[in-house]
Amino acid sequence: MSFKATLRIFEKEYPLLDLDYGLKQQTDTNYRPISRASDGKLYLKFASTKDDTALYDAMFSPTQMVKGSIRVYKRDGFSKSFDIEFANAYIIHLQEDYNADSEQPLSMQLIISPQIQRIRNTIFELPANPSNPFEN
420 MSFKATLRIF EKEYPLLDLD YGLKQQTDTN YRPISRASDG KLYLKFASTK
470 DDTALYDAMF SPTQMVKGSI RVYKRDGFSK SFDIEFANAY IIHLQEDYNA
520 DSEQPLSMQL IISPQIQRIR NTIFELPANP SNPFEN
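Position one of the sequence shown corresponds to residue 420 (the working numbering), numbered consecutively onward.
Honestly, the hints are just simulated from the structure, not real lab data.
Hints may contain errors.
Claimed, not checked - Derived EDC-like pairs (lysine to aspartate or glutamate); straight-line CA-CA distance at most 20 Å:
#1 K469 with D439
#2 K423 with D502
#3 K460 with E544
#4 K423 with E544
#5 K486 with E554
#6 K464 with D476
#7 K431 with D471
#8 K493 with E432
#9 K423 with D437
#10 K443 with D458
#11 K469 with E515
#12 K493 with D439
#13 K464 with E432
#14 K464 with E515
#15 K431 with D476
#16 K460 with E515
#17 K460 with D437
Kindly generate the complete structure, drawing on both the sequences and the hints.
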């Protein structure tokens, strides 16, 4: 069970309030995979900061690709549990939320759609990915 996760993007680090990601495969009637894995979108929520301009710029641009990483820490809050690295990615959703009755800060939700990502040292690449930055 993890205690802390951080997003690193545009040379900034954001402590995450929520992280959700997943992959899926289509199956036949016997629930055997009939397609390659797909999806891989990253759903993130974190406290907004005074300068999130780069995130808005990437959201407004249909061509700007971003790269970054997410580090999930062990319960002690210091030891790394695992990393998710992403590249050739697009910010496809940006939403900020504020509620005066909530104890949560002004928060931002992003959906990032990576063309390639490395999750726990395993690479998942979509067919349209233009390059592999994880090659050694």
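Given the hint that K464 pairs with D476, test it: the Cα-Cα distance must not exceed 20 Å. Judged against 20 Å, a Cα distance of about 18 Å means the pair holds.
### Proposed proximity, E544 with K460 (alpha carbon, max 20 Å)
Distance of about 12 Å is within 20 Å: holds.
| said: What's the verdict on K423 and D437, does the C-alpha distance respect the 20 Å limit or exceed it? | reply: 10 Å, holds
Taking 20 Å as the top limit, are the C-alpha atoms of K469 and D439 close enough?
Judged against 20 Å, a Cα distance of about 24 Å means the pair is violated.
Query raised in the report: Do the alpha carbons of K493 and D439 lie within 20 Å of each other, as the hint requires?
Result: 17 Å, holds
Practice prompt. Would you mind confirming whether the straight-line C-alpha gap from K423 to E544 stays at or under 20 Å?
Written response: 26 Å, violated
With a cut-off of 20 Å on the C-alpha distance, tell me whether K464 and E432 pass.
-> 13 Å, holds
#### Entry: Restraint check for K460 with E515, where alpha carbons must lie at most 20 Å apart
Answer holds: K460 to E515 is near 19 Å, not above 20 Å.
Hinted pair K493 and E432, Cα distance within 20 Å: 18 Å, holds
Item to complete: Take the C-alpha atoms of K431 and D476, compute the straight-line distance between them, and say whether it is at most 20 Å.
Response: 15 Å, holds
Review point. For the pair supplied as a hint, K431 and D471, is the alpha-carbon distance within the 20 Å limit?
Key: Holds: K431 and D471 sit about 10 Å apart, inside 20 Å.
* **Satisfaction of hint between D458 and K443, Cα-Cα up to 20 Å** => 6 Å, holds
Hints 1 and 4 from the list above are not met by this structure, while the remaining hints are.
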